[in-house]
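Quick note, the sequences are listed as chains A and F, same order. Numbered by the working numbering, the letters in the first sequence go through residues 28 to 310 in order. Numbered by the working numbering, the letters in the second sequence go through residues 28 to 310 in order.
None of these hints come from the bench; they were simulated from the model. All values reported here derive from a predicted model rather than from experimental measurement. Treat the hints with care, as some may be off.
[Claimed, not checked] Calculated lysine to aspartate or glutamate pairs in the DMTMM-like style (CA-CA distance at most 25 angstroms, straight line):
{"no.": "1", "chain 1": "A", "residue 1": "Lys-49", "chain 2": "F", "residue 2": "Asp-155"}
{"no.": "2", "chain 1": "F", "residue 1": "Lys-67", "chain 2": "F", "residue 2": "Asp-32"}
{"no.": "3", "chain 1": "F", "residue 1": "Lys-175", "chain 2": "F", "residue 2": "Asp-53"}
{"no.": "4", "chain 1": "A", "residue 1": "Lys-196", "chain 2": "F", "residue 2": "Glu-265"}
{"no.": "5", "chain 1": "A", "residue 1": "Lys-189", "chain 2": "F", "residue 2": "Glu-265"}
{"no.": "6", "chain 1": "F", "residue 1": "Lys-49", "chain 2": "A", "residue 2": "Asp-114"}
[Unchecked claim] Looking from chain A toward chain F, a few residues come up when the C-beta cut is under 7 angstroms (computed):
{"no.": "7", "residue": "Arg-44"}
{"no.": "8", "residue": "Pro-47"}
{"no.": "9", "residue": "Arg-210"}
{"no.": "10", "residue": "Ala-303"}
[What the hints assert, rightly or not] Cβ pair distances, simulated, as ranges:
{"no.": "11", "chain 1": "F", "residue 1": "Gly-174", "chain 2": "A", "residue 2": "Asp-250", "range": "36 to 42 angstroms"}
{"no.": "12", "chain 1": "F", "residue 1": "Ala-125", "chain 2": "A", "residue 2": "Arg-44", "range": "30 to 36 angstroms"}
{"no.": "13", "chain 1": "A", "residue 1": "Lys-206", "chain 2": "F", "residue 2": "Gly-262", "range": "42 to 48 angstroms"}
{"no.": "14", "chain 1": "F", "residue 1": "Thr-88", "chain 2": "A", "residue 2": "Ala-35", "range": "29 to 35 angstroms"}
{"no.": "15", "chain 1": "A", "residue 1": "Asp-243", "chain 2": "F", "residue 2": "Pro-170", "range": "41 to 47 angstroms"}
{"no.": "16", "chain 1": "F", "residue 1": "Ala-77", "chain 2": "A", "residue 2": "Ala-35", "range": "53 to 59 angstroms"}
From the three backbone atoms N, C-alpha and C, an ideal C-beta is built for every residue, glycine too.
Protein chains: 2
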Amino acid sequence: MSLLDRIAICHRHDLTRYLPFKVGADRIGFMRPDLAGELKRFPSVFRVAADAVSIAEHLDTFDYRSAAIDSVMRELRQEGFVRGWRDELFTVAAHYGAEPLFDLERAGVPLFGVKAYGVHLNGFVRRDGEIWLWVGRRAANRPIEPGKLDHLVAGGLPSGVKPFDNLIKEAAEEASIPKELARRARPCGALSYRMELDGCLRDDTLFVYDLELPADFTPRNHDGEIADFRLLPLGEIERLLAETSDFKFNVGLVIIDFLIRHGYLSPERPDYSALALALSRRP
Amino acid sequence: MSLLDRIAICHRHDLTRYLPFKVGADRIGFMRPDLAGELKRFPSVFRVAADAVSIAEHLDTFDYRSAAIDSVMRELRQEGFVRGWRDELFTVAAHYGAEPLFDLERAGVPLFGVKAYGVHLNGFVRRDGEIWLWVGRRAANRPIEPGKLDHLVAGGLPSGVKPFDNLIKEAAEEASIPKELARRARPCGALSYRMELDGCLRDDTLFVYDLELPADFTPRNHDGEIADFRLLPLGEIERLLAETSDFKFNVGLVIIDFLIRHGYLSPERPDYSALALALSRRP
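Bound conformation, chain A alone (with noise of 0.2 angstroms):
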């Protein structure tokens, strides 16, 4: 496998195995069909029509669609059709900066194929001019990707968190990395992509931090997610994303741009333009 096969992996999907999930005329999500089947029973949340599905008209506000979505979600739970409850709300809109239409249990993103957001920081350190990155292990519990390879922080972005605060709440519980030095991570661009997942379309938008590291941090996980932490070169860190799945999926995405945008890759290499091109799909 090469590094522009480890970026399409994020980009494949079919949108025709998905019905377009609506708000007025908006399309919000791609919604698996089986999820559209069992809308039908809640006439009075969800309009299910053949080629699309959409909230009801008189949800017209962001706190009437939470609460009628939210019971429909718990009923969902209750039947064992909604599996992994995280207890935890995501914010849905129809793109990023747009108006909040309404909170979505975090176990129903993936079901309606809405945007979601999530933050990742490359924690790096210098030696001697070279770049090490840390990188974690996921713990064998995690419901997505267990044992997978990780970035030092990463988490999705819950309702009503900014990006930055987030990040360094992550940092806290993933790594123990003070907010002192967390709040130095700076921003460093976002990376989206679709891609099919245990039968659902995750639409997913990444933002990008880096943060330079003491060469005497040792992180230390707090909240159980992380198994073990390695710091490895990039030239280690490039040849696991080449030849083996060890990496979750969309950390070799950002992993590539980090090489990217350090320097280690460059335009000499013949696939370096198609390389930059393919990381992010259009918004």
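Given the coordinates of chain A, assemble chain F onto it according to the supplied hints.
Showing chain F alone in chain A's frame:
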């Protein structure tokens, strides 16, 4: 005008105004119909059909194609159809890193709508933790965008020259940056756009480099392409991009990428995700 509008300008085009230009089965350009009309007079070099223009199949090597097309280009120049002859060859290929198909005089690149490549250097200085960017003003006699603001160093990629070698050469000619200093420049990515300019389709990919310069460095132009240089703080750069059309079109694209990569813009901005994702079209 917003930063998003500034990016959108670089992606504005209507492909239906052009004819696909092909070598074998590969589309390699978007040709102006008036050029296709002229090329009908050269049936041993170009096959002009109603829906596409191809290079004659008997021209089956790089050298055959280059020589035959050069001869046509020189005749069209003599007749006044091809203007702004540069005496500089660009290599044409289906995509970056692919087998070179032929060399083409630079003045023909926009007429054939083939892919072209360039290098752009963000030359910057840190003052009290703030980043200032060196900006040049294009000479009044430049064929494209005279008098507009430009990068410290930027140039098209001629045939047979590697991107980094081209950067070093242009850095000396355009800004008197000594080789030892220029070699510290770091590749940071590639940006690509398709836009219509003067009735031609430009299908360009820019290789982006950053170079932190010493505080006492002062650029001087050698080749007459830049009228003068100025050092501006990022706040002023952002204002010029958002409120004026002082910058050359594609320089805006590269500088917005710089503002994002260096954390001058951050995800708390509602249009951040749109900006970061709009920068490049897919390859």
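Each hint tested on the structure:
1. Our distance criterion of 25 angstroms between C-alpha atoms is broken by A:Lys-49 and F:Asp-155, whose separation comes to about 49 angstroms.
2. Among the hinted pairs, F:Lys-67 with F:Asp-32 is inconsistent with the structure: their alpha-carbon atoms are about 39 angstroms apart, more than 25 angstroms.
3. Straight-line distance between C-alpha atoms of F:Lys-175 and F:Asp-53 comes to about 36 angstroms, which puts the hinted pair past the 25 angstroms bound.
4. For the proposed pair A:Lys-196 and F:Glu-265, the alpha carbon gap of about 30 angstroms is over 25 angstroms, so the pair is violated.
5. Between A:Lys-189 and F:Glu-265 the alpha-carbon distance is near 23 angstroms, which keeps this suggested pair within the 25 angstroms criterion.
6. Straight-line distance between C-alpha atoms of F:Lys-49 and A:Asp-114 comes to about 56 angstroms, which puts the hinted pair past the 25 angstroms bound.
7. At about 21 angstroms, the closest approach between the beta carbon of A:Arg-44 and any beta carbon in chain F exceeds 7 angstroms, and the interface hint on this residue is violated.
8. Interface hint status for A:Pro-47: violated, as the beta-carbon distance to the closest one in chain F is roughly 21 angstroms, over 7 angstroms.
9. Of the supplied interface hints, the one on A:Arg-210 is violated, with its beta-carbon coming no nearer than about 12 angstroms to a beta-carbon of chain F, more than 7 angstroms.
10. Because the closest C-beta pair between A:Ala-303 and chain F is about 4 angstroms apart, less than 7 angstroms, the hint holds.
11. Checking the proposed 36 to 42 angstroms range against F:Gly-174 and A:Asp-250 shows it is violated: the Cβ atoms sit about 57 angstroms from each other.
12. One distance hint, 30 to 36 angstroms for the beta-carbon pair F:Ala-125 and A:Arg-44, holds here, with the actual separation near 33 angstroms.
13. Roughly 27 angstroms separates the CB atoms of A:Lys-206 and F:Gly-262, a value that falls outside the hinted 42 to 48 angstroms.
14. Taking the beta carbon of each, F:Thr-88 and A:Ala-35 are about 33 angstroms apart, inside 29 to 35 angstroms as hinted.
15. Taking 41 to 47 angstroms as the suggested C-beta distance range, the pair A:Asp-243 and F:Pro-170 does not conform, at roughly 56 angstroms.
16. A hinted range of 53 to 59 angstroms is violated for the C-beta pair F:Ala-77 and A:Ala-35, which are about 36 angstroms apart.
Of the hints listed earlier, those the structure fails to meet are numbers 1, 2, 3, 4, 6, 7, 8, 9, 11, 13, 15 and 16, in rising order.
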